[in-house]
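Residue numbers (my numbering), protein chains in the order written: chain A, -17 to 298; chain B, 21 to 298; chain C, 191 to 693; chain D, 155 to 462.
Hints are computed from structural coordinates only; laboratory data are not their basis.
Be aware that a few hints might be false.
For lysine to any residue, the following SDA-like pairs were computed, each having C-alpha atoms within a straight-line distance of at most 20 Å [stated by the list, open to error]:
#: 1; chain 1: C; residue 1: 374; chain 2: A; residue 2: 67
#: 2; chain 1: C; residue 1: 391; chain 2: A; residue 2: 68
#: 3; chain 1: C; residue 1: 454; chain 2: A; residue 2: 144
#: 4; chain 1: C; residue 1: 319; chain 2: A; residue 2: 32
Here are some chain B residues pointing at chain D (derived, C-beta under 8 Å) [as the list claims (entries may be wrong)]:
#: 5; residue: 85
#: 6; residue: 109
#: 7; residue: 116
#: 8; residue: 117
#: 9; residue: 124
#: 10; residue: 126
#: 11; residue: 128
#: 12; residue: 138
#: 13; residue: 139
#: 14; residue: 143
#: 15; residue: 185
To give a feel for the contact side, a few chain C residues facing chain A, derived at Cβ under 7 Å [what the hints assert, rightly or not]:
#: 16; residue: 241
#: 17; residue: 376
#: 18; residue: 427
Idealized CB from N, CA, C, for every residue including glycine.
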Amino acid sequence: MVLRLVERTAVLLVSLAVSSVLVFGFMAVLPGDPARVALGVNASDEAVAQLREQFGLDRSLATQYFDWLGGLLHADFGTSYVSKVAIGPQIFDRLQVTLWLVVVGMIVALVVAVPAGTVMAARHRKISGLALSAISQLGVAVPAFLAGILLIMLFAVKLGWLPANGWTPPASDPGMFLRQLILPALSLGLVQGAVLTRYVRSAVLDVLREDYLRTARAKGLRPFPALWRHGLRNAAVPVVTVLGLQLATLLIGAVVVERVFVIPGLGSLLLDGVSNRDLLLVQDVVMLLVVAVLVVNFLVDVLYVALDPRLRVGQR
Amino acid sequence: MTEPAIQVTDLVRDYPRPRTSLLRASPPVHALRGVSLEVQEGERFGIVGESGCGKSTLLRIIAALDRATSGQVVVEGTDITRLPERRLRFLRENLQLVFQDPMSSLDPRMRVRDIIAEPLVVQGHPASGERVRELLDAVGLSADAGDRYPHQFSGGQRQRISIARALAPRPRILIADEPVSALDVSVRAQVLNLISDLVDELNLTLIFVSHDLSVVKHVCSRVAVMNAGQIVETGPTADVYAAPTHPYTRRLVSAIPTLQRALSGATTTDLVKGVLST
Amino acid sequence: MNTYLTRAVALAGSAALLLVAACSAGSGTSSGPSTGANQSLAIGLVAEPASLDFTTTDGAAIPQALLTNVYEGLVKQDESGKIVPDLAKSWTVSADRKTYTFELVDNAKFTNGAAFTAADAVFSINRVKTAWTTSLKAAMDVVQDAKAVSPKQLQVTLSKPSNDWLFRMTTRIGAMFSQTGVDKLATDPVGTGPYKFGSWKRGDSIVLQRNDAYWGTKPFFNQVTLKYFKDPTALNNALLTGTINVIGTVQAPEALSQFTSNTKYQVIEGTTNGEVVLSFNNSRPVFKDVRVRQAIRSAIDHKALLDTCFAGRGKLIGSMVPPTDPWYEDLTQVAPYSKDKAKSLLAAAGATGKTLRLRLPTLPYATSCGQVVKSQLEQVGLKVQIDQLEFPAAWLTTVFKNADYDMSIIAHVEPRDLGAVFSPKYYTRYDDPTLQQDLAAADAGDEATQVTDMKKAARRISEEAAADWLFLLPNLVVADKNITGLPANAITESFDLSKLARS
Amino acid sequence: MNDEGGSVSRGAESALGVPASDPAGRLDGPAVRRTAGRRLNPSLVVGGIIVLVIVLTALVSFVWTPYDATLVDPAVRLAKPSWSHWFGTDKFGRDLLSQIMVGSRTTLFVGLVAVGVAAVIGVPLGILAAMTRRWSSELIMRANDLLLAFPALLLAIMFGAVFGASTLTAMVAIGIATVPSFARVIRSGALQVMRTEYVLAARAAGRRPFPIALRHVLPNVTSLITVQASVSFAIAVLAEAALSFLGYGTPPPTPSWGRMLQESQEFLFSAPRLAVFPGVAIAIAVLGFNLLGDGLRDRFDPKLEDRR
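Start from the sequences, fold in the hints, and give me the full structure.
Right, here's the structure in full:
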């Protein structure tokens, strides 16, 4: 198991290194000189040259890359070419916001998916199970932003129960923070939950067909208690895996939901960066997202081993 | 008969196992631990042993579908152990296999005609419909069977198709890997008899593998008993059956009554084991 | 917003900004409500600044938030468009119209504690030439010399008479900076205005605090939050649910009905400086023929277009002059809608069936109007191919800088921008010596001459069909019923917060 | 079987390999078998019908729509549904039904491009990864993981910024981002095929790897490809809608459901039908392709049979 951890870590590190080269490379081949882009169409060549020097863009690509990478390793994200402000604190601020959204969205998804998926599996031949299946199918088919708009129309505009949008940091006004968090987290979580529900269903179905569960039922346990005692741990393995993958989807889904709910998260930072051609900022945010996804995948892998005793031994 | 059809010397096959410790390499799985045997031309040679004893590995190495860790396989005078794939043409023409699982041994997306003709096409023979019909006839299937797909046949019929495919390139050596163990009891005898008849008729060398000593006894003149990657006993089938010398063989022989019972129905566990070992 | 936005287009980009610019009134008069109430206000706007430093960053978002609120100039425009005193109590112009002498107010102080003096004014004017990097700085080129005669008297000498210079002093380039307060302009602006910069939550809002040491009438609100919304629907929802009190810029005029029908809100509709222009690339052979340009103007049913793409809000104009400028004339009848006339003009020019590339910036009004323009032009026998270019970056490079386009649609929101837009160096590539003469005469003459000559220029570009003016963007403000002091017209660069109050 | 080894990583991987879009998650089952004579399952029927209707609508729209879908007619703007305009008109006076009809072409185009790109790259990669030796297979799958870390929407936005926003660039980006899930699923299917005895038989007959891939592996993973394509199709349609919402989707005047939805926003109160029709169209299309995918999967996967 230790070895496996070492191996996975090595793979992670190599992946991180390669992806940093990819991200840097992609930005480097983008048409347009960042300095000229930052200064504008009418800038003089001298001004551009001066800015290039100021940003260090006159150095070789390799130097720039290692400089950037070295900075990242010290949590120094550089200074924006456009706003001339340090990027690190901005990213950190926005990341906190997005993390709240993603984590609470994930919790919503789990709270929806685990019971719904289990019921769907346990009653897969019954009307209630089929009805739930149909609902989850519909949930998967609705774009997250549409769900958001509908939630706003209903709960904020029509009923006036919750604010339509906005963001308040939890420290400054916890009540407002929660009220503003509910709708975006729901629109992110419900749609994601619908997807997750179907994985839970199939994982539970698999477990239901296992011999030990049949035995347990043969011994007279009713389906839900039998599942509870024997099944859920086993069903958790594939679900956790999917959850890890979905975290990446959620991070990106947050981009759209942030737009609908006017939340100053990483997604809006990224979109602003792209439209302002704030290349270094975009590069940093993309790298951060990629790192997040890779690290989550790594953790899922590790968790996977921890959850499945068969895999822990290192053999089938 | 100057040289044996197949000569296996000191064959070893290890499979790596994933490391579980940083410091030591994991001990490899020893699938074969020094197997030697000789099969004479025209001989019907049986290999018997439990699931997982290394039978299938041995067959695959003989058929050059897997590579040995060490040791030597000589087929009709040629050492194939280190030959690259492109120089194995003679082997591909002269040695064919029949597999255990009638479900998995035929490509579900191909017509029976194309399945049987595949070795011919691959080896550049003119794939005449004539030959396919001839083969279908030889295994007891009607000529229109060629137009159908494998799933339209029963297990026994599929095994006949497998046999027809194996015979297509007119091999001199036929290797049968548990050809009947996945079949219904009722059709086992038919398929066994078919193999037996064809081997006689075409004057083939047969290697027949089974976990079932009684089946081997039915078909083979000589038998090797394998256990845990090693051959523990070799000899004429009748002798081994009548007077097993190795304790493991004795256990196998004494288990035959149980096997009889197994044949009459309670084969689930065996079958599952069989499936897992492949 | 990038620094490369030049002059008019700078503002044009974010439709919003322009829509909003509120006008300021003379602050000397004391008509405002009394201060002292500890109330706050939240205003919803559309384009968030990328930086707080408009000396190096172009775009309308920064002056919208900061000008007249945090920064003040020597002079400013009142709601009727007149130039009135601000940090200068009064001024005189020499007979040769080249020397301006300003008397400064006595008690103005910067928020960093320093007193405002003539030296600061000299510093600010000279700094435009040295430290500013935006293209707007060119308006200061005409200044030959600025000197502090006394701490409260400033003298500026121009190299040639220019009516335009004093007008430009009402815009951002006239903003007065403290000699000791320009170190961190991008994050910590220092000015003399009624508000001081509070905080900036990037991606969300800017908070301004009342400047309790303000030299003039102190504003009613203790704190004003400028909240930024990229999505117009979100902006509307924020007002509906009470997150904000004012929509400074209605981006989705179709959605106004939900406010007009609700007694909780007031809707204010006025004019702006934002001419939505269907611009022609006059260097393209097809557009060198005046008949083609005129045909296009005649082919467009402006009334139907305005109804369709801006819900009928806004005003039809026939040239590059908004009604708030002194030389405004109704020129909408210069090219009345007539499909037949358009067809015959095109036939005469041999342009029937030609394909034109309409390259649109990704801005809602441009996208909408572009589709109507395409449809209407195709009805008179032209083919129109629509391309969308991401705004600002792609549009600015392709259309604005490289003039690689046939037609485009953009709102030009800078005030008094006729001369700037219709010049051979601009992306319209409009080369007309007669027009240039009229403009030069207008700039050099006295006020009456200026009006006459500008009228001449406006009529000329309309008759020559240098472009088509689709409509003038309306100033659409929606607010809680009890908010007062909202200006009807938005003709300056700033959203003036000083007169807002709650009744 | 010489890759019997690394079972831990394989196990984890094939489980990870279940793409976020593989709701039943059973693609690692022996889906390579075909079972005949199964009764039709409802998902397959409903999904199939929906997809068929969309395809037919798109085809019909080439020869006939009630009105020219891009014709601007201010006289009838924002008309309510009536006999002359069944779904009403939008703010430009364009007929909504005609736009929905022509929009189905965009939807199909979107899906075909995205799925096409993903399949053309992902399928060979998956098969290659299944058939090559450990290190090269490992390399392909690691590269795959890496690509998986670049989310689709992100790629689409970047592509849009670089190459200009268009349906094609956006969907090529979505397609590229979908490659990993294709490659994984196809690899796990191809591994199953490679373990079958008919592949052994083909090798024993002297078939070389490339013909085996072509003659045996590819035909036997087509069911997986179909399932994956169907599910990816649904995802691409959703992605187009999201991109349109963000302003990186299909540019006007080409009718697109995603953009119609985006344009309808300012009418949410005054004319909600403008949002309802494209919204429902998108949901139905996504539902249709998802159901089709589920139905195909159930049909191809005998393991699921006892669940129904």
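Each hint, compared with the structure:
Straight-line distance between C-alpha atoms of residue 374 of chain C and residue 67 of chain A comes to about 11 Å, which keeps the hinted pair within the 20 Å bound. Of the pairs offered as hints, the one joining residue 391 of chain C and residue 68 of chain A holds, with about 14 Å between alpha carbons and a cut-off of 20 Å not exceeded. This hinted pair checks out: residue 454 of chain C and residue 144 of chain A have alpha carbons roughly 19 Å apart, not beyond 20 Å. For the hint linking residue 319 of chain C to residue 32 of chain A, the alpha-carbon distance of about 18 Å falls within 20 Å, and the restraint holds.
A cut of 8 Å between beta carbons decides the hint on residue 85 of chain B: the least distance to chain D is about 6 Å, and the hint holds. The interface hint given for residue 109 of chain B holds, since its Cβ lies 7 Å from the closest Cβ of chain D, which is under the 8 Å cut-off. Given hint, residue 116 of chain B at the interface with chain D, holds; its Cβ is 6 Å from that chain's nearest Cβ, closer than 8 Å. Of the supplied interface hints, the one on residue 117 of chain B holds, with its beta-carbon coming within about 5 Å of a beta-carbon of chain D, less than 8 Å.
Against a cut-off of 8 Å between C-beta atoms, the interface hint on residue 124 of chain B holds, since the closest Cβ of chain D lies about 5 Å away. For residue 126 of chain B, the suggested interface contact is upheld, since its CB lies about 6 Å from the closest CB of chain D, less than 8 Å. Interface restraint check: residue 128 of chain B against chain D, minimum CB-CB distance 5 Å, threshold 8 Å, status holds. Given the 8 Å rule on beta carbons, the hint for residue 138 of chain B holds: about 6 Å separates it from the nearest Cβ of chain D.
With 8 Å as the threshold, the beta carbon of residue 139 of chain B comes within range of chain D, its nearest partner Cβ sitting at about 4 Å, so the hint holds. Of the supplied interface hints, the one on residue 143 of chain B holds, with its beta-carbon coming within about 6 Å of a beta-carbon of chain D, less than 8 Å. With its C-beta approaching chain D no nearer than about 7 Å, residue 185 of chain B sits inside the 8 Å limit, and its interface hint holds. Satisfaction of the interface hint for residue 241 of chain C is found here, the shortest Cβ-Cβ separation to chain A being roughly 4 Å, below the 7 Å cut-off.
Here the hint on residue 376 of chain C is kept, as its CB sits about 5 Å from the closest CB of chain A, short of 7 Å. Hint status for residue 427 of chain C: holds, given a least beta-carbon distance of 4 Å to chain A, under 7 Å.
In summary, this structure violates none of the numbered hints.
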